[in-house]
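> Sequence:
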Amino acid sequence: MNSEDILSSLNEAQRQAVVATEGMVRIIAGAGSGKTKALTHRYAYLIEELGISPSNILCITFTNKAAKEMKNRVKKLLGGDFDTSFVSTLHSFCTRILREDISKLFYPESFIVLDPSDQKKILEEVYDELDIKMDTASFEFMILKIMGYKGKLEYCEYILAPNADISSLKPQNLEEEIMFKYILKQRKYFGLDFFDLINFVIYLFKNHEDVLEKWQNRLHYIMIDEFQDITNKEFNLMKSLTKINNNWFVVGDPDQNIYEWRGAIMAVLMDFHERMPGTQTIYLNENFRSTPEILNAANCLISKNKNRMEKSLYSKKPNGIPVEHYHAKNDVAEIDYVAEKIKEHLEKGGKYNDIAILYRANHVSRMVEQGLLKHNIPYMVYGGVGFYDRTEIKDVLSYLRLIEYVDDLSFLRIINVPRRKMGKNKLNYIKSKAAEEGLSLYECLKKYVNDSIFKGTDAKNFVEVIEDMRLNKDILAPSEILQKVLKDANYEMYIRESGDMDRLDNVSELARCIVQMERDYGEFLPLSNFLQDVALFRDTETEDNKDYVRIMTAHTAKGLEYPIIFIVGVNDGIMPSARAMEERTTDALEEERRLCFVGMTRAKQALYMTESEGLGFKNRVKVPSRFLYDIDDNLIERLGAIPEYVLEELKLQTMEKKFENVQQIFEVGTYVKHKVFGEGKIEEVNEKTKTYMVRFLNGIKPISFAYTGLIASV
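Following this note's numbering, the numbering of the sequence shown begins with 120 at its first residue and continues without gaps.
Any given hint could be a false lead.
With beta-carbon atoms standing in for the labels, derived distance ranges [said to hold, decoys possible]:
#	residue 1	residue 2	range
1	574	219	19 to 25 Å
2	258	666	18 to 24 Å
3	615	666	42 to 48 Å
4	751	788	31 to 37 Å
Result set (SDA-like, lysine to any residue): computed pairs, CA atoms no more than 25 Å apart in a straight line [unchecked claim]:
#	residue 1	residue 2
5	820	531
6	289	330
7	190	407
8	677	364
9	187	666
10	545	832
11	362	170
12	606	666
In case anyone wonders, no lab produced these hints; they're calculated from the structure.
Quick reminder that beta carbons are idealized off the backbone N, C-alpha and C, glycines included.
Working from the sequences, and respecting the hints, build out all of it.
This is how it looks when you write it as structure tokens:
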């Protein structure tokens with residue numbers, strides 16, 4: 120394919136984006152405006168027209184699913200098979216950097232990428248040592264605390280600096296003691312979680328300029344998708360890579376920023392031209408996804424946000440049906456209405472998998488699932504238990520990890536799967552010996568497997584199986600090792616005896632995926648490389664193609680599209696969330712409005728927004744969401760009689776403070792206290808949006824000047 124072929128299928132704005140190859144380029148890409156097409160065609164254009172090698176082009180996407188889609192499109196555009204390994208997520212890219220040079224930080228190249236189950240295992244050890252009872256809630260809470268602590272970066276100095284005195288970590292309270300023990304155990308296992316991957320690269324670049332220069336010289340063109348979701352830390356990391364070649368292409372949409380609670384800084388995209396002088400900005404405003412009716416309603420909603428870049432999506436598609444707002448007497452009637460609409464679609468020859476039902480909060484899924492079951496409508500929860508989080512997949516991968524790393528986390532997971540009569544006393548015996556001799560648990564079992572305490576167990580056979588595979592792991596492909604695990608460790612028989620053939624199908628699917636990865640790799644794929652990659656593949660599962668209605672949160676729906684979308688539970692206290700309503704800040708409500716906008720723009724042909732009466736937030740009367748009335752009456756068809764008392768309550772609940780004249784009262788560097796987030800430090804003051812950027816334990820948060828719950832810390 121030549122350059123004319125690459126450009127021929129693009130509209131004028133997309134062509135401008137593709138041929139703008141040099142310098143700093145910012146693309147403001149509205150929902151459904153073909154940004155992935157622009158990205159992939161630009162990538163192909165750089166290779167075909169400019170002759171740039173793929174090994175010199177970095178393209179960062181937000182999810183592994185998006186990276187996979189981009190790779191497939193590029194290969195289809197250019198034909199043939201070539202290296203697209205630099206089309207990846209930021210975490211995958213950081214893993215690649217560390218594979219080459221983590222030895223400079225005195226870590227082995229065979230470091231383990233920790234997934235959530237590994238994090239829980241480490242926390243369980245810490246809780247056990249401190250004699251603390253652990254439950255799911257405390258696990259979730261502590262992981263958030265640890266991630267917040269890691270946001271500060273200083274911890275790298277303690278565990279990576281050559282002469283660091285780890286004992287100098289003096290906890291001030293129980294939470295800190297748990298955090299420090301957790302981090303030190305990670306170091307013991309040479310395990311890195313997703314936060315570490317980025318933090319370690321930043322530390323590596325800061326302390327080893329030769330490594331940074333190597334990557335600066337290697338990467339001539341850098342492209343980043345979903346730039347509105349980037350954090351300040353990620354921005355600075357990527358900026359450091361552009362300093363030699365100065366070619367940076369960023370794509371995003373401020374109206375689709377829905378991750379500020381995770382540290383995303385929308386201002387990075389909005390102020391990019393100020394941070395990077397000489398930036399060229401191109402707008403992609405033509406929506407190829409939705410009907411004019413859906414777009415007009417969505418545009419009207421999002422126009423009520425003040426903190427945005429003014430633009431208006433348009434569609435050349437034929438007119439469709441009006442957007443509907445349905446008010447029901449109760450949540451049962453609400454889902455009955457949804458079910459009737461679904462049945463009407465089926466009667467016209469449609470399919471269940473044309474339809475997705477979105478909700479703001481997970482608890483709303485209960486009424487959705489109950490209603491669909493009542494009407495015999497098949498459904499699946501999209502973004503529920505992911506493929507790599509299924510028990511049998513985690514078991515098999517733990518076997519492979521033990522073979523490669525002989526790590527304690529994998530050992531503890533599979534020593535009794537299948538059952539080998541290795542009870543608590545025997546495991547405590549191994550742990551005690553291992554601690555005394557500085558061995559891993561597996562190495563300790565291997566050394567003492569003939570002791571009398573293990574008589575009557577299958578420990579010896581387990582060691583023999585693992586040892587046989589360890590001897591051959593460097594000459595066998597991962598797919599061959601997997602087959603040996605299933606057979607020699609009796610895992611396949613164990614699943615067959617359980618009678619659950621779905622679990623066996625899942626393992627077969629893993630085997631198929633591994634074979635495909637080996638083919639894509641193009642040369643011998645070492646087990647260590649496979650394991651490091653697979654730990655990053657949490658969102659690559661393809662959607663089940665069975666004919667089901669998909670139900671999911673509005674956050675999960677980001678990046679997806681369906682012919683028919685229902686957004687249910689569109690009530691104040693749900694969308695916008697109760698937390699946003701309690702804060703009563705412009706920023707909090709604007710992010711909620713952006714989330715509603717994202718949900719609406721997933722729809723291609725029909726959009727239905729529903730809500731119902733009853734008791735809601737703080738046991739007050741449930742009222743329709745204020746967002747429904749941000750949409751002009753001529754752009755939405757309102758169905759269902761709303762009682763006068765509900766409308767009066769809606770007026771009462773939507774009386775908001777006016778923030779136009781609020782003034783800055785804190786300076787950069789001020790330490791402050793927030794009634795929810797705790798202590799923090801003001802790192803930036805934005806007069807344009809009237810917000811402080813405050814670094815709290817759990818990350819940076821934009822706090823409005825008007826928020827009265829922020830006070831100076833004494």
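> Work down the list of hints and note, for each, if the structure agrees.
Okay, the hints, checked on the actual structure:
1. 574 with 219: 19 to 25 Å: Because 47 Å falls outside the window, the suggested range is violated.
2. 258 with 666: 18 to 24 Å: Because 36 Å falls outside the window, the suggested range is violated.
3. 615 with 666: 42 to 48 Å: At 29 Å between Cβs, range violated.
4. 751 with 788: 31 to 37 Å: 45 Å, violated
5. 820 with 531: Answer violated: residue 820 to residue 531 is near 38 Å, above 25 Å.
6. 289 with 330: Answer violated: residue 289 to residue 330 is near 32 Å, above 25 Å.
7. 190 with 407: Roughly 21 Å between the alpha carbons, so the hint for residue 190 and residue 407 holds.
8. 677 with 364: Given that 25 Å is the threshold and the Cα spacing comes to 32 Å, the pair is violated.
9. 187 with 666: 24 Å, holds
10. 545 with 832: Since the Cα atoms of residue 545 and residue 832 sit roughly 52 Å apart, the hinted pair is violated (cutoff 25 Å).
11. 362 with 170: 22 Å, holds
12. 606 with 666: 34 Å, violated
Violated hints for the displayed structure, listed by number in ascending order: 1, 2, 3, 4, 5, 6, 8, 10, 12.
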